[in-house]
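Number of protein chains: 2
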Amino acid sequence: MIIIRSISRMVRVAQQARRQDKAIGLVPTMGALHAGHLSLIRACRRENDITVVSIFVNPVQFGPQEGFKKYPRTLQQDARLCKREGVDIIFFPDAKQMYPDNHRTFVAVDNLSEVLCGKSRPGHFKGVATVVAKLFNIVSPNSAYFGQKDAQQAIIIKRMAADLNLPVKIKVLPTVREKNGLTLSSRNVYLSDQERKDAVVLSGALNLAKGLIRRKVLDSSRIIKKMARLIRTKKTARIDYIWIVDPDSLRPVKRINGHCLIALAVRFGKTRLIDNATIK
Amino acid sequence: MIIIRSISRMVRVAQQARRQDKAIGLVPTMGALHAGHLSLIRACRRENDITVVSIFVNPVQFGPQEGFKKYPRTLQQDARLCKREGVDIIFFPDAKQMYPDNHRTFVAVDNLSEVLCGKSRPGHFKGVATVVAKLFNIVSPNSAYFGQKDAQQAIIIKRMAADLNLPVKIKVLPTVREKNGLTLSSRNVYLSDQERKDAVVLSGALNLAKGLIRRKVLDSSRIIKKMARLIRTKKTARIDYIWIVDPDSLRPVKRINGHCLIALAVRFGKTRLIDNATIK
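For the record, the sequence lines run as chains L and B.
According to this note's numbering, the residues represented by the first sequence are 1 to 280, in order.
According to this note's numbering, the residues represented by the second sequence are 1001 to 1280, in order.
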């Protein structure tokens, strides 16, 4: 396994691999790797000749109060995990290389970026789309791997890749959870014991919704109300949003009659967690 | 020479050429080819194994009243010219393929896009940057060729390619002019005889500025005033802007002391023409 810090070297290595007709898979991460990332890395390894894990805490996707500085940075441990998983390359550029002072170009995916998490985090998805477009151009992967946990992100990246004719297959893998249902997230380290206990209510609320839908309760606002009531039983929980939306347009669905995405964001103390379920 | 209308076929043909280590050159055009385009095509032919000319009148770079519909479309003549010049591929996609109904992604180059032509044409350069990013991803050229006539466009495309780490060399070739100094432009066909005569004043005003600078008149506002006075001697001329700017930041330069770009846009009747000169 090699760690590449220079963009130009990463480009050279990737171009050489492509010329040798090797399939490159990319797992873009912000580091602080957990079992969710590892499931992406394993899928990437199965389907490609070369697995690149990018580790870059992307400043432009954080709002001013969103904890860019305190985001966990654990390169040594990440590198150990990657090596164990058989990763070929860690791409670990610094922010000055990725965003030199005269950087002025941004990629925006309109309509999809202003709702759900985009409403609470203005500019977030513009930052995500921009860095992912850059990473795709640097690493030139055949396939790139994202988690279903960040459902809106996956939808936006898919739309961006299609719209900009980026020659990359976007693969979205299932959310990895603890036994109690809590989704794995690098932000879980911020939770106190009580908050961590309370946060289990997110998957509980999604299961409640699924149960209601199975029992033919199809009115979104009724389902959302019941979910909210359940979440509010937890003292440390403060709901940011609960939405039931069309998974292509992300527009709210009033009455469920086909594919939909149930997405929620809830703060536990200062930590904002997200979760979602898709209904077919 | 082949004409490719399908994006997916263009991608396949380009990928195959790249695998054979052939250098691809792209000349992005909106058709209505003239000697300015031909000079780009010749440079492209000299420097690459495969020359692709894209012809696409890009709807998203036209404002509502900016003549998208009446823009000259002359495919048969363009194809004849391209064939004569030894072009390998004309890429001629339709708007529905380039912008399907669910297209939502745009590339914006902040700061550089809102000044000069961007001020008179809001959204124009977002449309340009978006379509050029798409074309780069579809054709995957090693080099792409643009005219110095569209100076701001060339600066924005260079910035975009660098910022998004697009692996394309941007080549900018000198403006081609008629003997009388008028820049070649597909829009010249709109000019009446009188307007065409008057439009020669643009290069005249740029020459006036260059002469002043040679004689050490370095105050931008004084130069601009003299240029404006000259242009206003032509009855059909209505000045949109005259600016002297830094060629990297496009910020106005008060006093000339190094590289600068003198750029102007003037309407003759209903036709808006641009021209520029660089001072070293």
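Some hints could be false.
Stated by the list, open to error - With beta-carbon atoms standing in for the labels, derived distance ranges: (1) B:1012 with L:95: 33 to 41 Å; (2) B:1023 with L:5: 25 to 33 Å; (3) B:1094 with L:42: 39 to 47 Å; (4) B:1210 with L:252: 41 to 49 Å; (5) L:255 with B:1114: 49 to 57 Å; (6) L:68 with B:1194: 58 to 66 Å; (7) L:222 with B:1114: 44 to 52 Å; (8) L:95 with B:1009: 37 to 45 Å; (9) B:1114 with L:101: 15 to 23 Å; (10) B:1240 with L:119: 46 to 54 Å; (11) L:5 with B:1019: 24 to 32 Å; (12) B:1097 with L:94: 37 to 45 Å.
Claimed, not checked - Listed next, the in silico DSSO-like pairs over lysine-lysine satisfying Cα-Cα at most 27 Å (straight line): (13) B:1096 with B:1069; (14) L:179 with L:234; (15) B:1119 with L:158; (16) B:1096 with L:169; (17) B:1226 with L:96; (18) L:169 with B:1022; (19) B:1022 with B:1171; (20) B:1119 with L:171; (21) L:158 with B:1254; (22) B:1171 with L:96; (23) B:1119 with B:1022; (24) L:96 with B:1158; (25) B:1210 with L:22; (26) L:22 with B:1022; (27) B:1171 with B:1216; (28) B:1169 with L:169; (29) B:1226 with B:1216; (30) L:210 with L:254.
Bear in mind the hints are in silico, worked out from the structure with no lab data behind them.
Positions of the beta carbon are idealized from the N, C-alpha and C atoms, including for glycine.
Each hint tested on the structure:
no. : hint                          : result
1   : B:1012 with L:95: 33 to 41 Å  : 37 Å, holds
2   : B:1023 with L:5: 25 to 33 Å   : 29 Å, holds
3   : B:1094 with L:42: 39 to 47 Å  : 42 Å, holds
4   : B:1210 with L:252: 41 to 49 Å : 60 Å, violated
5   : L:255 with B:1114: 49 to 57 Å : 43 Å, violated
6   : L:68 with B:1194: 58 to 66 Å  : 60 Å, holds
7   : L:222 with B:1114: 44 to 52 Å : 47 Å, holds
8   : L:95 with B:1009: 37 to 45 Å  : 39 Å, holds
9   : B:1114 with L:101: 15 to 23 Å : 19 Å, holds
10  : B:1240 with L:119: 46 to 54 Å : 39 Å, violated
11  : L:5 with B:1019: 24 to 32 Å   : 29 Å, holds
12  : B:1097 with L:94: 37 to 45 Å  : 39 Å, holds
13  : B:1096 with B:1069            : 15 Å, holds
14  : L:179 with L:234              : 19 Å, holds
15  : B:1119 with L:158             : 32 Å, violated
16  : B:1096 with L:169             : 22 Å, holds
17  : B:1226 with L:96              : 43 Å, violated
18  : L:169 with B:1022             : 24 Å, holds
19  : B:1022 with B:1171            : 18 Å, holds
20  : B:1119 with L:171             : 40 Å, violated
21  : L:158 with B:1254             : 46 Å, violated
22  : B:1171 with L:96              : 26 Å, holds
23  : B:1119 with B:1022            : 40 Å, violated
24  : L:96 with B:1158              : 19 Å, holds
25  : B:1210 with L:22              : 54 Å, violated
26  : L:22 with B:1022              : 18 Å, holds
27  : B:1171 with B:1216            : 31 Å, violated
28  : B:1169 with L:169             : 25 Å, holds
29  : B:1226 with B:1216            : 14 Å, holds
30  : L:210 with L:254              : 16 Å, holds
Hints 4, 5, 10, 15, 17, 20, 21, 23, 25, 27, counting from the list given before, are not met by this structure.
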